[in-house]
Amino acid sequence: MATTTEVLVIGGGSTGTGIARDLAMRGVDVTLVEQGNLTHGTTGRMHGLLHSGGRYAVADQASATECIEENRVLRDIAGHCVEMTGGLFVKRPEDTDEYFEEKLEGCRECGIPAEVLSAEEAREVEPYLAKDIDKAIEVPDGAVDPFRLVVANAVSAEEHGARIETHAEVVDLLTDGDEVTGARVEHDSGPGKREHGLPGETEDIHAEHVVNAAGAWSGQLGEMAGVDIEVRPSKGVMVVMNVRQVDTVVNRCKPKGDADIVVPHETTAILGTTDEEVEDPEDYPEEGWEVDHMIDELSELVPILSDARTIRSFWGVRPLYEPPDTGTTDPTDITRDFFLLDHADRDGIEGLTTVVGGKFTTYRMMAEDVTDHVCDLLDVRASCTTADEPLPGSEDLDRLESAMDDYGLRSPVARRSKERLGSYAPDVLGTDEPNPVLCQCEAVTRAEVQHAIGQAGTDLNAVRLRTRASMGNCQGGFCCHRVANELHPEYDAETADASFDELWQERWKGHRHALWGEQLSQAMLNHTLHATTWNRDGDDAYIDWDAFASPARAATDGGSHDRD
Amino acid sequence: MIGTEVLVVGGGLAGSVASLSAAREGAQVTLVSKSESTLQQASGLVDVLGRVDGDLVADPFAAIENLADDHPYSVVGTDALRGGLALLDDVAGDRYRGGDRNALVPTTQGTVKPTLRYPASVAPGVAGDGRETLLVGISTDPDFDAKRAAESLDGTVPGDVRGVTVRFPRLRDDAKRTRYAKLLTEDDEFRDALVEKIAPKVDGADRVGFPAVFGEDPAFVRAELEERFDAAGEPVSVFEVPTGPPSIPGTRLRDLLRHELEAAGVELVTGVPVVDFEAEPAADGNDASELVTKVVVDRNGARVPYAPEQVVLATGGLVGEGIDSERDRVYEPIFDLHVPHPEDRYDWSAEGAFGDHAFARFGVRIDTDGRALDAGGAVAFENLRAAGAVVGGADTAAQKAASGVSLATGWRAGTRAATAVNQS
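Sequence lines, in order, name chains P and C. Be aware that the first sequence starts at 1, since it is given in my numbering, and climbs by one per residue. Be aware that the second sequence starts at 1001, since it is given in my numbering, and climbs by one per residue.
Think of the hints as simulated: they come from the structure by calculation, not from any bench. Check before you lean on any hint, since a few could be wrong.
[Stated by the list, open to error] FRET-style restraints, in silico, Cβ to Cβ:
(1) Asn1066/C x Trp545/P: 16 to 24 Å
(2) Thr431/P x Asp1328/C: 44 to 52 Å
(3) Asp342/P x Asp1328/C: 51 to 59 Å
Even glycine gets a Cβ: it sits at the ideal position worked out from N, Cα and C.
Here chain C stands alone, though its shape is the one from the complex:
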């Protein structure tokens, strides 16, 4: 048995925040995850609350006050969100920007999206200030049609938006975004050739946006490109437009968190799915309550048991398979925690693609302390907390709130787990 004070299961945003906040409270933390983080599928923006009942939200902290009582934000409280955000700001430093109000960031689909924290490389592109924008698409990248996105944005945002599509030199038709990133980061001649193609199209624009392919060090790539535009007589701010998967800003956020976890002394074990657990009645005499005493992971076919004092479940939602389903049931596969869902699976989704989907709210329920609840609303295990997308109760995709819920519930679970360890 491997002893650990806090065992965090799952290495996405919520698991990372839970681990860091527990470690910062002095707990000894082990983070086990079954696979690489799914953060590289996310845009790298940190949304907190961007849409409620169909309307865009400018002030998420004000809007949170009006959410339903069973919304994860209402359950863990605004102070948990503030705590998680402060942790993120501390970790990200000047790599991320944003204040207390949402910014509207242009998307590759020509919409704007409300978000509270965004990479510094995205910041010059934030819409609303009226500056003229040129969007640059790559002819081999079918995800971002700069001209189509620009035409849509031009009809929505203050200031002109134009688009241009260029053929990046020396790239195969099926080149991955990481290939663009490598060339932009490492190859002077590539950057020269690229700016040479684009500069004649700038035509007085104040800023030039590229799909997010600026690699591991976007500040360097931006400076290099801006210097060349300057030299060509077209001084502009260069920025990134976040993309869907595979997302380079998402990968950067993953790496940033991973680096911070290592620096904080969190033990990281990847590629080990949890396959079993044991629980026993809690010693406090309340015969209904139980403690998780053992969590077993599979390491290359061998069962490795951990004996944690506190456990944080941050295994993700339906996408991360922290929540799973069969034709007639929805369940949490590790601890079999209660996942409320309609009985008939045709009630799991709505008729329209953007309807009010019950499946988007699937997840376990927690108390103010972050502890997972059973079907009767009682604490399932005294020392098991849940954080991130495994927590249900709200369609955080439609609300543009998933990252914020991960911050709030991760911070709550991590700090309370550490407190429990420190008290014992």
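In isolation and in its complexed conformation, chain P is listed as follows:
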């Protein structure tokens, strides 16, 4: 199979979908391919911080300034993905006054609103802060749902004519002499929405220009075109807590170091993180001491964390990049700035642009720069409107807020559903069919799951990312089967089973990092339900029925005391 498009974007993270949206809105014909789900790479594995810029206000003021600008843009265009929690930089007695003052000064220099709070004032904002803290700086940090944001970008791109293909891995770049002319893509299960069990298919996508936005994988793509892109992947651990121990982003006010941030995210709080260079973005150790380190260090800021329940942990890999010969040794010192690599200029290879580095908060700005560059090459004159045009789901939120009813749902369920769905809420929740809650932990109803299946097909991990179903305390023990039920009868039972199992195995992978105390009890309860009550842990394709008892055969069964 062969197709053509003007621009092929490789990578379905925030950068790639942001570029696809921007290009599509400027009238460019664009196809985006992603090897896994949307947010498969770094985007899906971040702590969910919407930077105020405060974290970079001392060491990297250019980044800090960009952050506060984009922070304001995202509040405008992506209201249903953002929660403005506010943030604190907390100084403990052992942290220096000099740095505290530098941080405050830096924020002000970068236009980041910053107020000093006394220890008492800080504890009024966050009652669980340690008793012995000195003071804090309050900044407009927030929380952002990366999945919802990326899905909204992809939906917007599609609405403007883009083609988005997930589970479509680039196996080679197509070249013509010194020019990249497209990519060979392997679809996991046919093109289009994912459907378990469909045969794979190979497609050659010919494009006038190819954008490499593959993040930690962009070096591997570069190799396919014979260009050297030295991405320096750096891993970081994130530990997910069972509840929001804090409602404000809590940062430790010290120069640099790991385990220095707690981000309230949806129903959870996420502890982060570390910064350690790894060889392979897909294969690196995930170790218990990293989890312990987060809990132990951050308990100094928020002591109740030491005995709280964690529900899972995950690791992300930052696609850090620095120009050749910079030679930074400590990954924490590698710039968080992004780089646009024009391979025609840089390597004499036409038709390929790579974008590397950068931060989630400024994804839109990066996308705008890359899109400007590509549009220049293609001689497209339209200008960027992504900073002004709300994302799907975030249109007219104020008006909707007052107009929306509760759709017959209990109020906490209605509130949470509407927060996730934004302006989709009336269409999705206004159903005449029974709409029971499927995921109790995250208050996700059948209607919302059905809506997500409509977008994601049989990929229940993609349904999870859209709805948060199975992301709460029980880690899917009590809802994965319900979500799988919703695939039937559109998809057959075998497909539903395969999708169920894939989701269940994915949940287990992160759950394993939290198995002690209450969460180990939860794992045992889940094991009992799935293995004992449902007997899901065996492959019983062949059964010797005559060996088993049967009430209808009781009369001839000798030893049985069946009475039916």
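Let chain P serve as the given structure and place chain C on it in line with the hints.
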């Protein structure tokens, strides 16, 4: 100090069986539990041994012979299992069915599950006889998709299986199973309306299965529904498909045991966690051995001490918090009994969700008498026995053996505790 001959800690299946078997041997028994039994989370099926090394087991008594030496069944012996089963059969009467071979019961997930004892309301649904089955799901109940389960079962079991989903009349979307049960039990018009919806779909099926929502008296609800199907010209057997929590058959089993405990004169004290104990050297001159002399419970903040002659610990496993853990250790929280476990917590679980999990085997070890052992393999306290999920050594969830292990170890602990009381 409150004197008692046998103090049983924990009111689940194992604690109930231990209490009943001790009481039937003439001992005076007090059963203390910290909360309501977790039986309502269990399906109500009584599994004995359904899977070994990945294979389904048809004859559990034969398969038990091949289990490892440290499996709880191997330790307490088949006679203990026979004893526990006989007690259950006596208590359950015609409410439970089953013989010496496992039956394969359909589950809400479209699998079949091997089990030895099952509620009479489940019996007509047992797979294997080739009778045609219609499964009925409720559109507001997201746990049981009858059509999906039927499609899976249809590919596995002899005889056709079909599914239908109906909207139960007069129910909110978030109605609890107990609400369905109440309407089915009490409301004639509700039953009429329900059968009226389903009868046209029966289409010659021999049996009709509902999720287990038939309330406290399933025989009555089944008879009422069967009568209506008969009247509609569709004679069928009506049965229940067991569910996960909250489980009505599990609740029935809990109530059945509770009633029997009361009838047997067992003193039941609920809502009292054990918070402390005292022990002293046993009088028999063996300086290594100790006796538990005092067990303290917390009753609304007050410490209430018991002075038992014999103690049975039946506090459950990781789920019931009879076994607890921290980042670097696994322990038994009341008597600090030895719980073998790998040092590195990443060795507590396997990489795959259905892997060979060490955590599923966590628990204390016992001797043939049911007495808990210390790290050296010696009896920890002369008068302390352990029963049920607090006993480790086997992944009874994967083996579909948890209930049977509770019966066997509960019966062993209860009868031996009574014997010890009678000898003193």
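* Could you check the hint for me, namely that aspartate 342/P and aspartate 1328/C are 51 to 59 Å apart, CB to CB? => Since aspartate 342/P and aspartate 1328/C have Cβ atoms about 53 Å apart, the given range 51 to 59 Å holds.
For the range 44 to 52 Å, tell me whether the beta carbons of threonine 431/P and aspartate 1328/C fit it or not.
For aspartate 1328/C against threonine 431/P, whose Cβ atoms are near 49 Å apart, the range 44 to 52 Å holds.
Item to check | asparagine 1066/C paired with tryptophan 545/P, Cβ distance criterion 16 to 24 Å | outcome: Between asparagine 1066/C and tryptophan 545/P, where Cβ atoms are some 22 Å apart, the hint holds.
Violation of the numbered hints given earlier is absent; every hint is satisfied by the structure.
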